[in-house]
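Chemist: Sequence order for the protein chains is A and B. For the first sequence, position 223 (counting from the first letter as 1) is numbered 223 according to this note's numbering, and the numbering increases by one without interruption. For the second sequence, position 41 (counting from the first letter as 1) is numbered 41 according to this note's numbering, and the numbering increases by one without interruption.
Calculated from the structure, these hints are not laboratory results. Some hints could be false.
As the list claims (entries may be wrong) - To give a feel for the contact side, a few chain B residues facing chain A, derived at Cβ under 10 Å: (1) D9; (2) M11; (3) L15; (4) T18; (5) V19; (6) L22; (7) V23; (8) R35; (9) W40; (10) H42; (11) L47; (12) S59.
Unchecked claim - Some, not all, of what chain A presents toward chain B, calculated at C-beta under 7 Å: (13) L47; (14) L91; (15) D94; (16) R99; (17) A106; (18) M116; (19) F254; (20) L312; (21) L316; (22) S318; (23) A320; (24) T321; (25) R323.
Because the structure is a prediction, the values reported are computed rather than measured. Every residue, glycine too, gets a C-beta built ideally from N, C-alpha and C.
Each chain is listed here by its residues.
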Amino acid sequence: MTTLSTPPHDSAERTARSAPSPRGSRRGARSPVRRRRGDLRFVLACLLPALVLFAVFMVYPTMNVFRMSLYTWSGFSPDMKFVGLDNFRHLMDDDQFVRAFQNTVALLVVVTVVTMGMGLFLAAIMTRQKLRGRNLLRFVLYIPNILSVVVIAAIFSAVYDQKNGLLNGALRLLSLDGWQQVWLGNQKIVLYSVAIAMVWQSLGYYMVLYMSSMAGIPEELYEAASLDGASVTRQFFSITLPLIWQNLRTSLTFFIMSAVNLSFVLVRAMTGGGPDSSSEVLLSYMYKQAYTNSSYGYGMAIGVVIFAFSFLVSLLVSRATRREPLQF
Amino acid sequence: MAGMAEMKDSMRTALLVTVRTLVAAACVALVVIERSTVGWGHLGVMLLALAGLLLLLASYNRRFR
């Protein structure tokens, strides 16, 4: 906390007396313009290492992706051929690319809606309701977030196993044999099997994030609302949601970007894009083209599409959720 | 008179919430259904559904700006 106090009069006079006159201070005191210039130089010197790192590791590789998307290159040979927008023209005729794009959009929508919805719901329940064992529940839900994504993929591969898997075993136990599936082998449901793993992995993190925001809301607001006759749902939409909006907004934008990345790792580890490319997502298809199929330029063209799509969706989400922050 | 207006207002709010929920559910369902067929047209419909969800979010947020 900062407190401001005015100095006593005599000390102010003493300071004024001891201060050098403007004419005789050329050597001692610096003019405001020179001081500002010096400050600017210092700020730039402090920023320079971060700016250099950002340029070397972010700007240059991104520009390189854009540049390489205009070439055909195997990735190994020294011959690179400039083909202009040919790689993008090929994308228009590539059904595998369209399928990967569709899968990416489906995962983005389904996983974001379910994770954000469930995260908010669970956080509201755990914060507002006095549940028994809520600390244990919070701990259990948070555990997947500290596990490696590859470990999660291994866990879910075991859960989905056709013969000895937990899911089919439980269904057999409940005499629901007809509901048994080849969860990672059926083209229609394989993507949703991956989506469940994605939700399981990220739910705890977002729940804890929202819980910490909700814990900061003053209790008096809820007391006043309940005295006015507001229901729990009304309190959630009129008090909780507006007061955690900035957090929700940031996490939503962040989640959209991380969902694209997370889907790649889980798909690679759980299905490898199969069966018959039915669970391929944009990043895994780009990886396959650039590093397995030796079509580096084509892979970079897919990378440009991913960049543009992620950037556009994040920008639109940021615009759609912008509002004045509330203070309480 | 004031009670009637209040009731009208709460009815309007309830209707708005119901419509928004239905539109959001329809957009998610559209994404899931269109994903099953491969093609640019189907991808376009999926992107439109995604845009619909974002518009819904923007319309909910508009009164708080």
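Chemist: It remains to establish, for every hint, whether it holds in the given structure.
Modeler: Right, here's what the structure says about each hint:
| no. | hint | result |
| --- | --- | --- |
| 1 | D9 | violated (13 Å) |
| 2 | M11 | violated (15 Å) |
| 3 | L15 | violated (15 Å) |
| 4 | T18 | violated (13 Å) |
| 5 | V19 | violated (16 Å) |
| 6 | L22 | violated (14 Å) |
| 7 | V23 | violated (13 Å) |
| 8 | R35 | holds (4 Å) |
| 9 | W40 | holds (6 Å) |
| 10 | H42 | holds (7 Å) |
| 11 | L47 | holds (7 Å) |
| 12 | S59 | holds (9 Å) |
| 13 | L47 | violated (33 Å) |
| 14 | L91 | violated (11 Å) |
| 15 | D94 | violated (11 Å) |
| 16 | R99 | holds (5 Å) |
| 17 | A106 | holds (4 Å) |
| 18 | M116 | violated (11 Å) |
| 19 | F254 | violated (16 Å) |
| 20 | L312 | violated (10 Å) |
| 21 | L316 | holds (5 Å) |
| 22 | S318 | violated (11 Å) |
| 23 | A320 | holds (4 Å) |
| 24 | T321 | holds (6 Å) |
| 25 | R323 | holds (5 Å) |
In this structure, the earlier hints numbered 1, 2, 3, 4, 5, 6, 7, 13, 14, 15, 18, 19, 20, 22 are contradicted, and the remaining ones agree with it.
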